[in-house]
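K.L.:
This is what each chain is made of:
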Amino acid sequence: MTQTPKLTFPEPPARPDEVPDFSNIKISEPGAVGIPDFGFEAKDGREYANGLIRVMDKDGNAVGPWAELIKDVSVDDLRQGMRDMLKMRAIDRRMITAQRQGKTSFYMQCTGEEAIGCGFQRQLDKGDMNFPTYRQQTLLIGADYPLRDLFGQLYSNELDPMEGRQLPVLHSARDYGFFTISGNLGTQYIQAVGWSMANALTGDGKIAAAWIGDGATASNDFHSALLCASVYQPPVILNIVNNQWAISTYTGVAAGKSRTYASRARGYGIPALRVDGNDYLAVVAVSKWAVERTRKGYGPLAIEWFTYRAAAHSTSDDPGAYRPKDEALSWPLGDPVERLKKHLISLGEWSEERHIQLEAELLDEVTSVQKEVEAHGTLVNEQRLSPTVMFKGVYADMPEHLKRQRQEMGA
Amino acid sequence: MTQTPKLTFPEPPARPDEVPDFSNIKISEPGAVGIPDFGFEAKDGREYANGLIRVMDKDGNAVGPWAELIKDVSVDDLRQGMRDMLKMRAIDRRMITAQRQGKTSFYMQCTGEEAIGCGFQRQLDKGDMNFPTYRQQTLLIGADYPLRDLFGQLYSNELDPMEGRQLPVLHSARDYGFFTISGNLGTQYIQAVGWSMANALTGDGKIAAAWIGDGATASNDFHSALLCASVYQPPVILNIVNNQWAISTYTGVAAGKSRTYASRARGYGIPALRVDGNDYLAVVAVSKWAVERTRKGYGPLAIEWFTYRAAAHSTSDDPGAYRPKDEALSWPLGDPVERLKKHLISLGEWSEERHIQLEAELLDEVTSVQKEVEAHGTLVNEQRLSPTVMFKGVYADMPEHLKRQRQEMGA
Amino acid sequence: MANMTMIEALRDAMDVKLADDPSVVVFGQDVGYFGGVFRCTSGLQAKYGNERVFDTPINESAIAGMAIGMAAHGMRPCVEVQFADYMFPAYDQITQEAARIRFRSNEQFTCPMVIRMPTGGGIFGGQTHSQSPEALFTHVAGLKTVIPSNPYDAKGMLIAAIEDPDPVIFLEPKRLYNGPFYGDHSGKSLGWGQHPDGEVPEGHYTVPIGKAKVCREGNDVTILSYGTMVYIAEAAVKQANIDAEIIDLRSLLPLDLETIKQSVEKTGRCVVVHEATRTSGFGAELIAEVQEACFWHLKSPLERVTGWDAPYPHAAEWDYFPGPDRVERALVKAMEA
Amino acid sequence: MANMTMIEALRDAMDVKLADDPSVVVFGQDVGYFGGVFRCTSGLQAKYGNERVFDTPINESAIAGMAIGMAAHGMRPCVEVQFADYMFPAYDQITQEAARIRFRSNEQFTCPMVIRMPTGGGIFGGQTHSQSPEALFTHVAGLKTVIPSNPYDAKGMLIAAIEDPDPVIFLEPKRLYNGPFYGDHSGKSLGWGQHPDGEVPEGHYTVPIGKAKVCREGNDVTILSYGTMVYIAEAAVKQANIDAEIIDLRSLLPLDLETIKQSVEKTGRCVVVHEATRTSGFGAELIAEVQEACFWHLKSPLERVTGWDAPYPHAAEWDYFPGPDRVERALVKAMEA
Ligand SMILES: Cc1ncc(C[n+]2csc(CCOP(=O)(O)OP(=O)(O)O)c2C)c(N)n1
Ligand SMILES: Cc1ncc(C[n+]2csc(CCOP(=O)(O)OP(=O)(O)O)c2C)c(N)n1
Ligand SMILES: [Mg+2]
Ligand SMILES: [Mg+2]
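In order, the protein sequence lines correspond to chains D, E, V and B. Numbering follows my numbering, with no gaps: position 213 of the first sequence is 213. If you want my numbering, it's the 1-based position in the second sequence plus 1000. If you want my numbering, it's the 1-based position in the third sequence plus 2000. If you want my numbering, it's the 1-based position in the fourth sequence plus 3000.
Hint data in this document are derived by calculation from the structure and do not stem from the laboratory. As the structure is a prediction and not an experimental result, all values here were calculated from the model. One or more hints might be untrue.
[What the hints assert, rightly or not] In silico lysine to any residue, SDA-like type, Cα no more than 25 Å apart, as pairs: (1) Lys1058(E) with Asp1335(E); (2) Lys288(D) with Thr111(D); (3) Lys342(D) with Asp72(D); (4) Lys1026(E) with Ser1330(E); (5) Lys342(D) with Gln80(D); (6) Lys1043(E) with Ser386(D); (7) Lys296(D) with Pro1010(E); (8) Lys1325(E) with Ile1025(E); (9) Lys3299(B) with Gln2262(V); (10) Lys2188(V) with Glu1400(E); (11) Lys371(D) with Leu147(D); (12) Lys1288(E) with Glu1068(E); (13) Lys3261(B) with Leu1358(E); (14) Lys1043(E) with Leu7(D); (15) Lys1392(E) with Lys3211(B); (16) Lys2188(V) with Leu1379(E); (17) Lys2299(V) with Tyr3182(B); (18) Lys2261(V) with Asp397(D); (19) Lys6(D) with Ser1074(E); (20) Lys3266(B) with Asn3219(B); (21) Lys2047(V) with Lys342(D); (22) Lys6(D) with Gln1101(E); (23) Lys3238(B) with Trp3296(B); (24) Lys1103(E) with Lys2047(V); (25) Lys342(D) with Leu69(D); (26) Lys1043(E) with Thr2(D); (27) Lys288(D) with Phe40(D); (28) Lys1006(E) with Ile35(D); (29) Lys1403(E) with Asp3220(B); (30) Lys1043(E) with Ile27(D); (31) Lys1103(E) with Ala1312(E); (32) Lys1288(E) with Ser1074(E); (33) Lys2213(V) with Ala2240(V); (34) Lys288(D) with Gln1003(E); (35) Lys1103(E) with Gly2191(V); (36) Lys1392(E) with Asp1149(E); (37) Lys2261(V) with Glu2199(V); (38) Lys2047(V) with Thr202(D); (39) Lys103(D) with Ser386(D).
The whole structure should be built from the sequences, with the hints applied where relevant.
P.N.:
Encoded structure:
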């Protein structure tokens, strides 16, 4: 037995040049975790927070109670999900190239995590509000956000609805239920709680959804959000996207000895689910259920989406320096696109050919909008917004000292 | 079932002019909660975090496994505990009067909570460090801190080891294992974790103990402390003093739907105990066990001390405005002094007479030191420290601009 | 008109706004049932219910963060931080979020909220109940920072702040809650009943944010001040018997530079007085602006009278707190130069 | 001597201290295995083990709070905040705790720690990777705030900071990590290999905290600056062809007022240049001090060239970032007046 205090430093199971090893990850069988009552309490919800809700088995069949729950979801809806995910993938691919060409300063992909935002957003109503992180452009895709606006933001040009104010990927789209993203991690989580309190106080029938990465659960705002959600019981879904990494930092440094992030929420008295985030059907089922439960006034719910960040953290990152190169290929929960494809094919509603055709079609669509937007300027091909735009919107009415400065700028 | 989101606002069971009502509080039988292994994990420790460790039954008998654990604690040690608690009570009583007389600006009592700090401190070794809140002067008493220093601080006069820098009760006593108290709630909790990491890194064999009130568990630093303790596993005891109130705010506003504060710690993967803080024997037993476990390197432990703030929050507070006047008398766990007295009497080691005599003796001792210290100045009877003392200790070496300011002060 | 303390005036402002705008909510530590440790919200929960006025956990960044979310949604939260010294945990939410949401979303989302906080010393509160952090807000683009010095302004400015489309830091000089303070800590202060600015109109009115007030006209030297120091300046002027012009800035950002300029161009001398520590205090900004705007009119160096660059001490409070004597010395120095 | 980038110089400083003092520990987000997003700690964990160099959760107040606890115990933590823009959650721990522990405990406990943070813009990082928060630290009694502008100073000052008995905010102008920057964002910057201050001694040496450096002697106007702006000032002086004296302050608090005074008394003119927003920026403090110390020598108003009072924009970065042209205009204005 231990006799002297020694610190521990959580380490990932494998580092570069080692063999990927996910044997530490326990995975429930598809269909094994049931559906709780809307009114279930945190203290009775251990299995939902520690297990893993999954719908698709390895052959692509939908099984178990959550599959039942969505049996009326149409094949068209599932194909829409496929389209959403592939569209996101096409955008990511195009933007990585564009960033390498210096057309923009920065980009972030969400490869491997597409199912979560795409599937969740399609269950929301107009007027519901997401408080996303930078890795949830999928929410915009699922909300049919115009690609022109999306690319405009990524290129900070005159088509940017934010007129170049923010770093690429830090979108804002109020009409599409997408709150302005902060570069400061965590801050939006408690804001989502505040927004949902306003939903309840004004009785507008809408709900809010907060989003955070596994790494950022360490932030203070994660704590204050769970706390205030527990105290006031507003209609908010507290999403945690556990993609195993925070830049180079292993998820263990954020988890410590907590079993799961969902179980941390339980400690605050918030009922929590843990879900296979690479299983589009599980995402749809749980999101549908969660949205209904929340809208009906059963209070806050936490959802840990279990997934893997297949790409680099951002265009500034090189994951080869801290984890095995092809670790993503060993991820035991597979790839969300491949898995939904298998399911649709097993239903006889999809084929490799249609898949390839859809990919090509989306790449065309994305590329053509991208080119159109690029024509309005990129970092290497500047068609500048007036710099005085930076004095606009600091306040509703421009105070004297800003007027003086705008004049001093000589613009 | 619920159909629209509505906020909840936690309310105490009784307000002024209502009958005190503690029926919501579930209390384990004395002896009912057992002793876990040193190596027990949070996930297996549900009963310890949700139950209540108690030793004394209503007749003052020590029962159950925790009583076993301390059967070698001598009667003298228990009488020392009684002495400590009564000394604290005498100081509190004297200082309340002194503050009303304007001899000092401010004071805070710990009536009803004396057992916790007094009992805990006696289990620590020299070199162990507490990171207390303002309501743990008991730790100083249990460390035999000189009353002259204590009163000096309370009067901010020349006998004050801090030379008048801090508000009364914000002591600092490094040699007595008492970290400088901050007026900002919560901040010391994560600092205690840092200190205990230094204990482990330097291998000095010492441990740290963090202290926080139930209200301040809402602070960000509570979260970051639990998190970092869980990640690095340093030798720290994370004490939570749940006295049911935070100024006028009911503990429910800090707890939300969490069952207990101990269970919140469990969500972080930190093993946790919940203890009757008004039971001196339980305090001694659990503290002894916890200190040994921590020193042996079993990592962090959280302890929720369940108690009741019998007095006003501070001399600036009027609890009659927000809770029933004599709520303390209905507190189901009684008064720590009365309960230990009953135990000692049941052992035949104490009597009402000795008790009254000890009270008188301590009041004398306390009063005489107090008077001696008062002779060195109080707020109404100033014998001023030189004001230039305020420039000392801002930095190790006084920078030029402070020298200029000291000169400008003309002192 | 009614005679009110500053506490009553602030409460009245919230009462007016809670009554006339259902989107106004008031919350903070102990502000609900109890009505706040300074009693500024006393009675409001009883009157408007706990959906409008409620207690919060002890987490200032949560208070600010919830308020931001509500404000972005369209409500108008007016929240209390128990002491300005406790706003630091919320500093990220206030400066990086509340202040930036309008800008970064290109006005898709806005943040009309008020954060009230008692500020300043003079109550023997020691380090953590006495600080004056205004300069930490004036450096932040997107925030407005105001500080009234009397009940009339307090009510009118709080109503204006709640109605403002942007986040407003509302500093309340706690030493003035119950009456003006002329620096004599040994004597009894007069209450607001004895002061004309204790007369407060009933119902709705505003004192616009961004306008300073000339409290005393004079020709020889300009004193720029705000909060408690306005009265210290008055006392100093009386005892120095100098024909000083005293300006109560009221609003630090936006700053009423026009009023300042007119005065300093007239007097050619200027003394800045604030409680906050000197280095990088708001006085530095005032001096930088004044010397730029009025350089050719200046007859002597601009002076600062401020708290010393030390943590706020408990016992030595009255040596730390700038009093009339220190201000007088600065005035004399400015006049002599 | 070896030629180093600023990143290498900083790493070398930590290497020297990790080697010679077992109480030194280094931690922060991604600083362990990976070696930091700017690679300043690259290789140090491999060399010293994870008890000396380790990753932390994404919680800046936890980083500061742990460091404070360790420092109070007797260790000397040197921690990294990934970007200065992310220090805000730690602002409470830094300003109300680290800065105050020596004072409030009357020196029973002290807080010898360093918080390193990349600061400033010029890398197209937008609002949250570009801010310059130095004035938020200089207002806080108990902190020292320094900002080196080249590899030589960076190493010497970081060693001095780690050895300092008090908490030091160590700002690293990220635009200078790989080379000096003269404001031409369209061209390629030179690396430190082409600059004499890229020559860095091996092993232990210090550059004392509190001493400014005259980078260019001149007679007509004094430029007070620090960080990246030192090079912008050089470029401006070159293009304006004015005989300016350029002072690299290096240490903002304590401030080397003596060196500043000597220069301004000589030149009679002074321009302050910094990236941070103007209002209540550190420039205000410099102007307040200079006008007080040198009033009778001044020939023209003191000028400020700073970031605008707007949140740091992404696309318009180069209009926000003070460049040589803006500094030149200020110099000309100062000379003409
Ligand atoms: C307050 C704050 N600290 C640090 C950072 C720097 N940072 C940006 S992303 C990131 C990692 C976040 O990881 P995680 O939350 O798991 O999200 P993921 O990137 O995996 O989606 C860090 C440390 C930041 N943006 N904000
Ligand atoms: C950061 C911060 N916010 C607010 C306060 C004001 N305050 C002082 S004590 C207190 C209540 C604390 O309650 P609790 O933590 O339960 O401790 P108790 O007083 O019951 O011992 C509050 C809100 C503070 N000191 N620090
Ligand atoms: Mg992650
Ligand atoms: Mg309490």
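K.L.:
Next step is simple, just say for each hint if it's right about the structure.
P.N.:
Now for the hints, and whether the structure bears them out:
With a C-alpha separation of about 12 Å, the suggested pairing of Lys1058(E) with Asp1335(E) holds against the 25 Å cut-off. Taking the CA atoms of Lys288(D) and Thr111(D), the gap is about 23 Å. The hint holds against a cut of 25 Å. Of the supplied pair hints, the one linking Lys342(D) and Asp72(D) holds, its CA atoms being roughly 19 Å apart against a limit of 25 Å. Pair hint Lys1026(E) plus Ser1330(E) holds up; C-alpha atoms about 14 Å apart against a cutoff of 25 Å.
Between Lys342(D) and Gln80(D), the direct Cα distance comes to roughly 15 Å. Compliance with the 25 Å bound is thereby established for this hinted pair. Proposed proximity of Lys1043(E) and Ser386(D) is contradicted: the alpha carbons are some 58 Å apart, above 25 Å. Restraint check for Lys296(D) and Pro1010(E): satisfied, since their Cα atoms lie roughly 21 Å apart, inside the 25 Å limit. Of the pairs offered as hints, the one joining Lys1325(E) and Ile1025(E) holds, with about 19 Å between alpha carbons and a cut-off of 25 Å not exceeded.
The hinted pair formed by Lys3299(B) and Gln2262(V) meets the criterion: a straight-line CA distance of about 22 Å does not exceed 25 Å. A distance of roughly 38 Å separates the Cα atoms of Lys2188(V) and Glu1400(E); the hinted pair therefore is violated under the 25 Å criterion. For a cut-off of 25 Å, the pair hint linking Lys371(D) to Leu147(D) stands: about 11 Å separates their Cα positions. Distance hint between Lys1288(E) and Glu1068(E) is fulfilled; the C-alpha atoms sit about 12 Å from each other, no more than 25 Å.
For the given pair, Lys3261(B) sits about 68 Å from Leu1358(E) by alpha-carbon distance, which is inconsistent with the 25 Å threshold. Distance hint between Lys1043(E) and Leu7(D) is fulfilled; the C-alpha atoms sit about 21 Å from each other, no more than 25 Å. With a CA separation close to 22 Å, the supplied pair Lys1392(E) and Lys3211(B) stays within the 25 Å bound. Our distance criterion of 25 Å between C-alpha atoms is met by Lys2188(V) and Leu1379(E), whose separation comes to about 16 Å.
The suggested pairing of Lys2299(V) with Tyr3182(B) is violated, with an alpha-carbon distance near 39 Å, which exceeds 25 Å. Taking the CA atoms of Lys2261(V) and Asp397(D), the gap is near 22 Å; set against the 25 Å cutoff, the hint holds. The hinted pair formed by Lys6(D) and Ser1074(E) fails the criterion: a straight-line CA distance of about 33 Å is larger than 25 Å. Simply put, Lys3266(B) and Asn3219(B) have alpha-carbon atoms about 7 Å apart, close enough for the 25 Å limit, and the pair holds.
At most 25 Å may separate the alpha-carbon atoms for a hinted pair to count; Lys2047(V) and Lys342(D) exceed this at roughly 61 Å. Restraint check for Lys6(D) and Gln1101(E): not satisfied, since their Cα atoms lie roughly 51 Å apart, outside the 25 Å limit. Pair hint Lys3238(B) plus Trp3296(B) does not hold up; C-alpha atoms about 29 Å apart against a cutoff of 25 Å. Our distance criterion of 25 Å between C-alpha atoms is broken by Lys1103(E) and Lys2047(V), whose separation comes to about 39 Å.
For the proposed pair Lys342(D) and Leu69(D), the alpha carbon gap of about 20 Å is at most 25 Å, so the pair holds. Annotation: proposed proximity of Lys1043(E) to Thr2(D) holds, straight-line Cα distance about 20 Å (limit 25 Å). Pair hint Lys288(D) plus Phe40(D) holds up; C-alpha atoms about 17 Å apart against a cutoff of 25 Å. With a C-alpha separation of about 24 Å, the suggested pairing of Lys1006(E) with Ile35(D) holds against the 25 Å cut-off.
At most 25 Å may separate the alpha-carbon atoms for a hinted pair to count; Lys1403(E) and Asp3220(B) exceed this at roughly 31 Å. About 18 Å separates the Cα atoms of Lys1043(E) and Ile27(D), which keeps this hinted pair within 25 Å; it holds. Only pairs whose Cα atoms come within 25 Å are accepted, and Lys1103(E) paired with Ala1312(E) is accepted, the gap being roughly 19 Å. A C-alpha spacing of about 14 Å is found between Lys1288(E) and Ser1074(E), which places the hinted pair at or below 25 Å, so the restraint holds.
Note on Lys2213(V) and Ala2240(V): the hinted pairing holds, with a Cα-Cα distance of about 22 Å set against a maximum of 25 Å. Between Lys288(D) and Gln1003(E) the CA atoms are separated by roughly 16 Å; this keeps the pair inside 25 Å, and the hint holds. A C-alpha spacing of about 24 Å is found between Lys1103(E) and Gly2191(V), which places the hinted pair at or below 25 Å, so the restraint holds. Between the alpha carbons of Lys1392(E) and Asp1149(E) the distance comes to roughly 20 Å, so the proposed pair stays at or under 25 Å and holds.
Of the pairs offered as hints, the one joining Lys2261(V) and Glu2199(V) is violated, with about 30 Å between alpha carbons and a cut-off of 25 Å exceeded. Distance restraint check for Lys2047(V) and Thr202(D): the Cα-Cα separation of roughly 19 Å lies within the 25 Å cut-off, and the hinted pair is therefore satisfied. For the suggested pair Lys103(D) and Ser386(D), the alpha carbons sit about 19 Å apart, so the restraint of at most 25 Å is met.
In summary, the structure is inconsistent with hints 6, 10, 13, 17, 19, 21, 22, 23, 24, 29 and 37 from the numbered list given earlier, while agreeing with the others.
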